[in-house]
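S.K.: Each chain, letter by letter, is given below.
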Amino acid sequence: MSAKTDVWQGTLALMVLKTLNAMGPQHGYGIARRIEQTSGALLSINHGTLYPVLLKLEQEGAIASEWGVSDNNRRARFYRITRVGRKHLTAEEAQWTQTTEIVGRFMALKGVKP
Amino acid sequence: VRRAIRRGWTRLIGTFLRRHTDRDLAQEIESHIEWLADEDIRRGLPPDAAYRRARIRFGSVESAKERYRDQRGLPTLEILVHDLRHAIRGIRRNPAFTVVAVLSLAIGIGVNTAIFSLVDAVLLRPLAYEDPNRVFVARELDPQLFGERLLGVNPVHAREWAARCPSVEDVGLTQRANVQLTDAGEPVSVAGARITHNLLALLGVEPIRGRGFRADEEQAGNHHVAILSETLWRSRFDADPSVVGRTILIDGESHEVVGIVAASFRVPSSGANRRDEIFRPLVIPDDEIGRMMGNYNYFALVRVKSGAIAGQALSEMNVVQARFPKSSGVTTDLKAVLIPLHEFVTGASRLGLWTLSAAVGAVLLIVCVNLANLLLSRAASRSRETAIRAALGASRRRLFRQALTESLLLAVIGGVFGVLLAGWIIELFLIAMPLELPRIDQVRVDISVLAFASGLTILTGLIFGALPAWRLTRDDPQEALRAGSHTVTQGRRTLRLRESLIGLEVAVSTGLLIMAGLLGSSLVRLLHVDKGFDHDRVLTVDLSLAGSKYAKVERREQFLDRLLANAGAIPGVEAAAIVTHLPTRGETWNDPIYLEGAPRAHKHTVNNRYASPEYFRVMNIAVRQGRSFEESDRGRGVAVLSERAAKILWPGDPNPVGRLFMGEDDTVKTLVGIVADVRASLQNDPPPTAYYPYWQRVPDGVTLVVRNSDLTAAAEGVRAVLRREDAELPIPAIRSMEDVVNRSVEQRRFQMGIMSIFAASALLVSSLGIYGVVSYSVARRRNELGVRLALGASRSRLLGLVIRQGMKPVVVGLLAGVAVALLVSRTIRNLLFEVQPSDPMTIAGVTIVLLVVGILACLIPARRAAATDAVAALRFQ
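For the protein sequence lines, the chains are V and X, in the order given.
The numbering of the first sequence is my numbering, which starts it at 1 and goes up by one.
The numbering of the second sequence is my numbering, which starts it at 1001 and goes up by one.
These are calculated hints, taken from the structure and not from any lab test.
Ideal placement from N, C-alpha and C gives every residue a C-beta, glycine not left out.
Any given hint might turn out to be false.
Said to hold, decoys possible - For the chain V half of the interface with chain X, some residues (derived, Cβ under 8 Å), not all of them:
{"no.": "1", "residue": "Pro25"}
{"no.": "2", "residue": "Pro52"}
{"no.": "3", "residue": "Arg75"}
Start from the sequences, fold in the hints, and give me the full structure.
M.R.: As structure tokens, this is what we get:
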């Protein structure tokens, strides 16, 4: 574990959804790598934490999974985003953008010199 | 929220279906790690190092698996399932305990559920009338003639209330009388009522077939119409729809059936479940329409207008009431009283039912306490197991939950059996018990009863489980583990807890025993009270001479004359007589008697009876002075008074026989004799009573009483005589007078019996509890006892020591129980007869019984203690 940025669960779920939406069906390893790559190696996740998040998303119906065989002949569970998942994603994206925008405005405030 | 529900649902499913199994996850993780390793291998790392690095990057596999598992199912549910499995194992390991627990719980919950279903149907459920809160029973008060007694209603008054009180919507009247149905088969006498045409509408009841009565059918001449109950319609007319419109014979006269009312319909009555089978229009006779005062002979229901207040209606009625005495030149403070319908119907049953509920509640409490006690003794033997589990990291909450799961499981099993038992008990109540309760036919196990039973079950499980569970988990595991070894005496705290539970059990048992004792001695005193008559060897038959055949007085008189002659001639019959109302059937026919020319204030209300000359001989009622009436008295007014009645009319005269007074029919009577006072109901003092010969006002309802040494033979003879006289006369059951007396105390006998059963079972359970605790303490102190013996203590000393200690909580509980009983028993004062709620004999008796039972329960383990072999006990270490 490198001392980069901590990822909390809610955000991780959003990243997973976004990744699956962009890349189509993926297995756990693929998702984890993709997240690392996208963050430009700024973000390193403990790959093991991914699985409970995947399960939770599946329980919510946001993603679905099935067993398959990968290019190099490994058995793996492939996850794909569902209609419900896309709806979640749109809603959360909008909310996220809004939040960052608001926070961004506050960050842009100039301090008064004493 | 929907997401959360969905998640919950799939997790619930996941618990059972195991779609994402551990194997799947392991496979997934393995692939994942291989991929991670591949990256490094491609970069040239040796596989060993690559795998190590991959594992590090993946993070803790076990932690991932664990969190995955938590996310997968419902941990709470899984723990519950686990606890349940554990509980079932525990229950099966201890079959004896389980049987005792389930059985006692089933009985406790079953009896409580059954009694609740009674209370619910009789007291709690709203009456089956439309908007019953606006319906009241009206009574009148005429202080001058009748003092504080609540009277029926004069029909003229009822009419005026309806007409003149703005808050009164309607007033309906009824009068009850048994009627004879001579149509279609065997003649029968059934309960009937005459009702005003508005009564059904007033109660919001629609006939299920046909129509109600019309106003014009209350006019004499139009009144030959009838409404049948559904029950009669089904049983006697095979539910034939064409009965409506048909003509049937009631009391020997043709009546057209115009409607049928539902079987559940009742004219409200107090404390009983009387169902009328035939309704006819109430015709007020012409001579009564002119009577402004007196004639308080009708039962009146008042419906108050919606939005109006009962108090307002009552004050309006009392304004009207004030006019009647004035208009007939009387001065009396005539008042009306309104009784809420629910109170009127259920009032008489309330105390008895609540007492019963309290008693069964107490029984269940004892069951709980006893189970808690048993569980505590098991907890002692299981404290090692618990300690080990605690040492291995089980949290206290978790252990507590597990212990509670076991008791709840027991409670649920007991509850299920309890509900089955309740259904059976209710059946028994309905068939076999002499319960004169309103609405008793509506008792059943329904949703509210089931809800009560479930709630009670959970509560029971919590009550008897919480204390042992708490005790079990409070132990310091280290101490508990050490205590398991032989060198340290264990569980002093547990013992103290168990002793206080014993105290509680004994206290509740004491209370129940005292209640049962009070009710029991009431019953005994009631049965041995001086009734004023002798019920041995007397047969009774109720006869009703209704209908056109007996409409003429001469016909009735002829019939009665012949009946008396023939019944007296039955071989073996000592004497036969008739009377209008048997003793023990209550105070009836209350009308004033007075001295001629006396002011109205000196009229005295007495019970009036018409009887035949032999009546006093048949009933063995002592003639104190003068004589009974005789055949030679025909043609002149004579009467016999009871001692009290004579004393009221002539307070100073020791022998007023031969003096004159005015009878209830306002004609002059010569007093020919004075007889002993007779109780009209066992629990009340004998009322002043006047007796007149039957030929002075030939009644249409009489009871034939026959004194005979052989009751069965006499019954046959009486039946034959009646058949010969009138083959169409319905003959109800022929009863012995003893039976009649017993029936009047059936309700008490039932209360007393059920209370005794409860008290006895409470005592039994408590004595088992005492035994259990003392045995436990003896086993615990085996070493100590051995040492004492070795040091020279005598065996009797040991015996005394154990008993003294075992009896300590019993005595404390006993004192507490007596104190509580003294406080509580005052509330059942009305159920008692000639016994004070603080009756010292009862309390002393109960104390002795409990002390003896307590000592016996201690004795067995105490003897075991005394028989301790010092050497063996010490070697046991």
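S.K.: Indicate, hint by hint, whether the structure satisfies it.
M.R.: Results for each hint:
Restraint check, Pro25 (chain V) versus chain X: the minimum CB separation of about 14 Å is more than 8 Å; hint violated. With a least beta-carbon distance of about 4 Å to chain X, the hint placing Pro52 (chain V) at the interface is held under the 8 Å criterion. Interface hint at Arg75 (chain V): satisfied, since its Cβ lies 6 Å from the closest Cβ of chain X, which is below the 8 Å cut-off.
The structure fails to meet hint 1 from the earlier list, while all remaining hints are met.
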